[in-house]
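**Student:** Next come the chains, spelled out residue by residue.
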Amino acid sequence: MIEFKNVTTIYDNDESVEILNGVNLEIKDGEFVSIIGPAGAGKSTLLRLLTREISPLKGEIVLDGINLAQIPSKAIPLLRRKIGTVYQDFKLLSAKTVFENVAFAMEVCGADRGEIDSDVPKILGIVGLGDKLKSFPHQLSGGEKQRLAIARALIHRPRIILADEPTGNLDLVNSYDVVKLLMKINELGTTVILATHNREVVNAIGKRVISIEKGKIVRDQIENGKYVI
Amino acid sequence: MIENFQETAKRVFSVGWTNFKRNSYLSMGTTGVMVLVLFLFSGLMSLNFLASRIVSGLEEKVDVSVYFKNDASEEEINRVKSDLESSGMVKNVEYVSKDKALDEFKQRHAGDTLVQDSLAELDENPLQASLNVKADDSSQYASIVTFLEGNKFRSLVDKINFYENEQVIARVLAISGGIWNWGFLFTMALALIAILVTFNTIRLTIYNQKQEIEIMRLVGGSNWHIKAPYLVEGGMYGALAAAVVAVLFYPIAFFISPKIESLMPGVSLISYFVSNIFQFIPLLFFIGILLGVTSSFVAIRRFLKI
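Each protein sequence line maps, in turn, to chains D and L.
First residue of the first sequence: 1, per our numbering; consecutive thereafter.
First residue of the second sequence: 230, per our numbering; consecutive thereafter.
One or more of the hints may lead you astray.
Claimed, not checked - Listed next, the in silico EDC-like pairs over lysine to aspartate or glutamate satisfying Cα-Cα at most 20 Å (straight line): (1) L/K439 with D/E53; (2) D/K58 with D/E100; (3) L/K456 with D/E53; (4) L/K534 with D/D12; (5) L/K456 with D/E15; (6) L/K239 with D/E115; (7) L/K239 with D/D12; (8) L/K239 with D/E100; (9) D/K82 with L/D292.
To be verified - Here are some, though not all, of the chain L residues that point toward chain D, as calculated from beta-carbon distances under 10 Å: (10) N248; (11) R251; (12) Q438; (13) S451.
If you're looking for bench data, these hints aren't it; they were derived computationally from the structure.
All C-beta atoms, glycine included, are put in the ideal place defined by N, C-alpha and C.
Please model the entire structure based on the sequences and the hints provided.
**Tutor:** What follows is the structure, given as structure tokens:
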């Protein structure tokens, strides 16, 4: 269960520029939530708060009963290992191979060599990169990069997946592949939060849709939501 | 637990090595800079060695002779000698008897018939017995002289040549002191520059991987998990550079050594470094690895803040 209680954030310590303004939100375990809104509305900020990349100015964010502000900075990696994140710009480790990119996410969780050697090819097979284990990210297409990023986000079986404009750099076919993958993950019980401004994608998913505008939630369609701003 | 540690160590070293290989262009550049830095250190060590030989050569030449009157007995002179030796200020005291002084004088002027003839005409030995005093530390000659002035056999002493040598001794002391002080400052300044150059080079190398480090943080890597391979990488730059310098330095020293020896007879650079090879090479590796690891450690800290 994720709760945002009256959350306000500002831009780079400048109190005159509010990004989120008194946001209240509850997301239950296993939900698939699309967050939509124009660029600069605060969608990414909402996600970055959950991994404590940034902290709110006011209000609190509670994950499974724990107020994120109270997590000491040493324990932040532990929080991030519960959450898988997929970004618009992929954020792949460019100096590491496809295999090593995914293996890294397992290593940080303390997995041993044997687990890594058996699980990584499996997940890469699932996302359709089974034959690219030794390739480097710059040798992959945009769609392949995003599928690699999803494989990395999934490998440690996180309870929550955050996807920030995962289709932003992809064509329509690749976008649908990525969304189908996210929906499959959601069916297996993982909470998925998708920030996007891709109308087709949101309408195809047909689940809960939250609209944000100028840092405020303006609409929350609990079921079969459509892309409406 | 131990297995865990072994696996971690294996991972850290293999990731460090892989990074080193994959960034080979950058790694070679950084190693190259560290090679220059370690050459600078070796050069400074050579300079220090030469300076110390110059200084000790100069100080070696300084001594004080105490000449005794003819009525002083050998026993009395030996009493003065043992007094001096127990004063704790002298390195050694050499007794030169009248006969020995004459022998030495004759030898020195062996080719000079005029001197030989004049000596032969004399009935008795005109030279005085003396004590030749070398101090532990050349700044102590003045106190040695004061010590002699207060000795109970003072009346037996005819003259002490310190008063004639005083100015020379003072100049030698000033020069050797200057060589030490300026040499030390010079060494420190160059060492500081070397450290700054290494640090900045490694910082640029790591800055190049800033984004990677931030991504590692975002996928849940703990600080040490991310940092350790970079420390190993930094250590590898240092170790490789030390190896290169160790291989290149000895042939260079071998080549330069005779040229220095022709300027400063008896000073052999190559034999100094050969006899200290088991100190010098480990020291190179120690400095190289320490510089590499510390620079990486400081440089990476900035990027782990996310």
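**Student:** All hints are to be evaluated individually against the structure, with a verdict given for each.
**Tutor:** Now the hints, each set against the structure:
The suggested pairing of L/K439 with D/E53 holds, with an alpha-carbon distance near 16 Å, which does not exceed 20 Å. Taking the CA atoms of D/K58 and D/E100, the gap is near 39 Å; set against the 20 Å cutoff, the hint is violated. With a C-alpha separation of about 19 Å, the suggested pairing of L/K456 with D/E53 holds against the 20 Å cut-off. Restraint check for L/K534 and D/D12: satisfied, since their Cα atoms lie roughly 15 Å apart, inside the 20 Å limit.
Between L/K456 and D/E15, the direct Cα distance comes to roughly 34 Å. Violation of the 20 Å bound is thereby established for this hinted pair. With a C-alpha separation of about 16 Å, the suggested pair L/K239 and D/E115 falls inside the 20 Å cut-off, and the hint holds. Distance hint between L/K239 and D/D12 is unfulfilled; the C-alpha atoms sit about 40 Å from each other, more than 20 Å. At roughly 15 Å between alpha-carbon atoms, L/K239 and D/E100 fall within 20 Å of each other, so this suggested pair holds.
Our distance criterion of 20 Å between C-alpha atoms is broken by D/K82 and L/D292, whose separation comes to about 80 Å. This hint holds: L/N248 has a C-beta 7 Å from the nearest C-beta of chain D, less than the 10 Å allowed. For L/R251, the interface hint holds, since its Cβ comes within 10 Å of a Cβ in chain D; the closest pair sits about 6 Å apart. Checking L/Q438 against chain D: minimum C-beta separation of about 7 Å stays under 10 Å; hint holds.
The beta carbon of L/S451 is positioned within 10 Å of a beta carbon in chain D (closest approach about 4 Å), and the interface hint is therefore held.
The structure fails to meet hints 2, 5, 7, 9 from the earlier list, while all remaining hints are met.
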